[in-house]
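Single-letter residue listing:
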Amino acid sequence: MPENESSLTIEKSGIRIDGLCKTYKGGKVKALNELSVSIEAGEAFGIIGPNGAGKTTLFGCLLSFLRPDKGTITIDGMPPDALEVRKLVGYLPERLNFDKWMTGREFMHFHHELSGLPRDVRLSRCDELLTRVGLDPTSWTRPIKKYSRGMLQRLGFAQALVGNPKYLLLDEPASGVDPAGVLLLRRLLKELKSSGVTIILNSHQLDQVEKTCDRVAFIQQGKVNGIENLQAGPAHDTRFLVRWTGFESQIHVDLSALFARHGANLIESQPEYCIFVPSGIDTIASILKEMLTEGYAIIQLTPEENRLERYFDGESKKSPEDKSG
Amino acid sequence: MIWAICKNTWNQCLASRVRLGILCLVWIAPILQNTISLCVQHVFPEALYSQSNSVALLVLIVGSGCIGSQLNDGTLSLTLSRPLTVAQYVMSKWFAVFVASSVAALSQLAAEVLVSLTRTPALINPADVLTNGAERVILCVGLSAVLILLSSLVSGVKDLAFFLVLSMVASLCVGIGQLKVDDVPAGWPQLAVSVLCPVCYHIGQAGNFILGPMVDLSSLANIPWSVVASYFAVIATFLSLAIFSLNRRELPYGAE
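Chains as they are written, first to last, in our numbering: chain A, 1 to 325; chain B, 1001 to 1256.
Next comes chain B alone, as it looks inside the complex (with noise of 0.2 Å):
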């Protein structure tokens, strides 16, 4: 780990205010959210703590372009001019997006946590409180590798239209997975429904689960093994992808 790549990663992100803004924005919405139906509308919310999609959006704010603008403004070349390994700089930056999205993470759910107990303390449980934070941190880890990929590949922050454009490829896939044998004219149609449809819908949800790996503790005491297997195994996949992808890259240099 090179805690210069990790700070300089942070100030980076600090130091683009439409950043910040959007960052902001995205962790006060579901505060505010909570606060107006309890405070001005006295009503239940649907959920006391925000999603998993407020999460990843915090994940994917602070990371996007955390290696593809580095590229962009042919800064990478004079930060792999110093001696360290790609692999070094890959892990630096994983951990430095991971971090930093963990933090805005948990302090939203603290917040949150707040709110609610000057609101609804009964509803407070500390054990769900404590689920929920690590599965922010869980989801975080693994998004994070995800970017840190995509970003990899791509100059710019292009890694967060990558990652939106494969999302909407997998929900499709899983809403195409979906539809039933009767929805459709009888015939071929059904024939190939029959066929496709539970194809596409394990293709979109094996492509959720790789663009946002999770692992759900709801019942601890169930925990599938084989999914937290495979949540270990698509994070080492996609940061050695990620060295081998930079390794195998020629970095911008000169004007020729």
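Excised from the complex, chain A in its bound form (with noise of 0.2 Å):
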């Protein structure tokens, strides 16, 4: 392929968003301001934020339901409502709005036929989606109206995956289903992006969003206030709490000595407890000895939390002036 050609591609392909506004009420609500962000392609993609940051009004504008006051969106260099769009996107909703009449089975068969895809693969192809995310065969016959949360989430994953989107957007994937569930899910999305799919991926489980994406964006009062790259930096920068008893005041020790001996960063000390984050997982239990050996009675360790969390809680604490500057 010659080069300009190949450059061509690579800006054509992901999705494209730029200075997207929408408002309601007659512009009193401002659901989004001048957003814009650029998702690549084969990219995993997190978007997380407060209640009401504009989130789903931007899966919806996305999707082409909703219709932006201003801005554009590309996917692939082309509109969100052009078909050949809707061929590439999948799309898993929040509100998990089905025709209760239909079984499970028929709900799948109707939209790989909708998807204009071929009558003699559709009952393979669609067992084949609904064994994927372990919903049980024998509810597949069954009416949807007597699936639990769990399997209409199951049911409207397998949906999202008729026709093998390209681009899959998926929100709030994890709401209301088990523990195996989450497990399973957390599997399929790691398959579905070593196999080349994008994924948007609309969520308020931060840990999900951080086990599965590579960049999140913090979007709040309709912006994207700032993109944290998950690749980036140190993979594990998990932080720990060490709880102790007894009279710190009788020992004599330099904390943060002691801990960059093992590599380890003092982020807090104060006397009943510290914070640090370890150079690696295996320094954790030495760090534990010397802190016994030197008298600290110690009653508690746990991983403090995670770095989306603190991503997401540092960026909620700014004021609207931080923001801005």
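You may find that some hints are simply not true.
What the hints assert, rightly or not - Here are a few chain B residues that face chain A, going by a calculated C-beta distance under 8 Å:
| hint | residue |
| --- | --- |
| 1 | Ile1002 |
| 2 | Ala1004 |
| 3 | Gln1012 |
| 4 | Thr1075 |
| 5 | Ser1077 |
| 6 | Arg1082 |
| 7 | Pro1083 |
| 8 | Thr1118 |
| 9 | Thr1131 |
| 10 | Glu1135 |
| 11 | Pro1224 |
| 12 | Val1227 |
| 13 | Glu1250 |
| 14 | Leu1251 |
Since the hints were derived computationally from the structure, they do not count as laboratory data. The beta-carbon is built from N, C-alpha and C at its ideal position, and this holds for glycine as well.
Could you fit the two chains together into a complex? Lean on the hints.
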């Protein structure tokens, strides 16, 4: 392929959102305010933010259900309402509003047929997807109205995978799913990501977003306030909290030096606890051993909030002036 | 035409027991009425075959809420996230409604003919049966287009209420239009009646035609082609408006 042609292909692939504005109630409520972001093809992109930040509106615009007042969205260089784009996009809605009278299998067949996919593979393909999302085969022929929230979520996820989408838009995919389902979902997302599917994940479950996504956008008041690259920096910068009892005043140890000897970073030191970031998971035992030797009666060691939680917390606490600056 | 949408519409209709029950009642009522007249009371019924009102009811029961209920349930957004255009969706819905209601109307006619065959075979005229059948299909096709537009404008089965209100207004206009000048006191009421009644009458007639597009086939040799043209114009306009309305509409999505 000639160089200019390949650069054009790279430019056209992925999702480009530029200066997106969307208001409700005659302009009184600004859901999206000049939102701009680029999502590369093949990346797993998370969207986090407080309630009412505009995440769902952004999804609505990406799926062309909502018309933005201003700004543009292109998916592989095409507008989101183009039929070609709809062939590329699979989506799992937050509200699982399905035709309740259908059975799970009928529902899958309906969407397979709507996607214009060949009839001869319909049964095998739909059954394969239902198996892949872990939906119990005995429920496939049951009406959807008898499904639990978790089952609906699995069915919705299977529906999103009909047609092997290049872009997968997932709105709270783990909501109402049991722990086994959460693990299955995480594994599925990893598989999809490794097969080159672009995943856009809107979720309040920060640990799930952190474990799945390459980059995460923090959206607040309809704007992207920051993008955290989860691939960059140390992979394990989880903080640990150590708590002890007894008389810390009787112990004359320089904790900073102690942690530094093990390559750990002391974040906070208090009379009855401290918070540190270890250089590796294997160094924690040696740190604890030395602390016990020095006389600390340790009663608790717990991993603290994770990276995305800290990021979310930090972004949420920023004042509007900080953000504009 | 998207076959999956058509099948979905029929299955949606069959899945509602209430709708199915009402449909059965409306379907069987004129047949029962004729059977009782012929077999029990031994009198000829007013008409051997049911009237257009009965057919219109069948269309209304089959088609009410065909788009509106999807809007109401939030299932439309998922359907339209698939690679199909709004025009394809609307045309498929229209096709499904008129085919289902035509089947119901024609089977009703067939049952009525069977009842007549057993009791008054001499009265059966094949030409009349064919004409009646064709008129039923014509009404189903036209009325389905009207219902599709109304259903695309409102959620749930409010289109049924919308249709009934508009029908009542049209009938009221025709009623007012039939007032005679001599029936009202002299002076300004007579002047008002003489000016407004013809206007009301024509508005009412036009309304009735628009809400139940129909071509009278009783005299095949003298079909007014202006009526045929109007019939197709009403269907085309209503379907185009339904497509326009759905294209303009923002689909319900998410909780925000």
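Status of each hint after checking the structure:
no., hint, in the structure
1, Ile1002, "7 Å, holds"
2, Ala1004, "4 Å, holds"
3, Gln1012, "7 Å, holds"
4, Thr1075, "5 Å, holds"
5, Ser1077, "5 Å, holds"
6, Arg1082, "4 Å, holds"
7, Pro1083, "4 Å, holds"
8, Thr1118, "38 Å, violated"
9, Thr1131, "38 Å, violated"
10, Glu1135, "33 Å, violated"
11, Pro1224, "42 Å, violated"
12, Val1227, "38 Å, violated"
13, Glu1250, "5 Å, holds"
14, Leu1251, "4 Å, holds"
Comparing the model with each numbered hint stated earlier shows that hints 8, 9, 10, 11, 12 do not hold.
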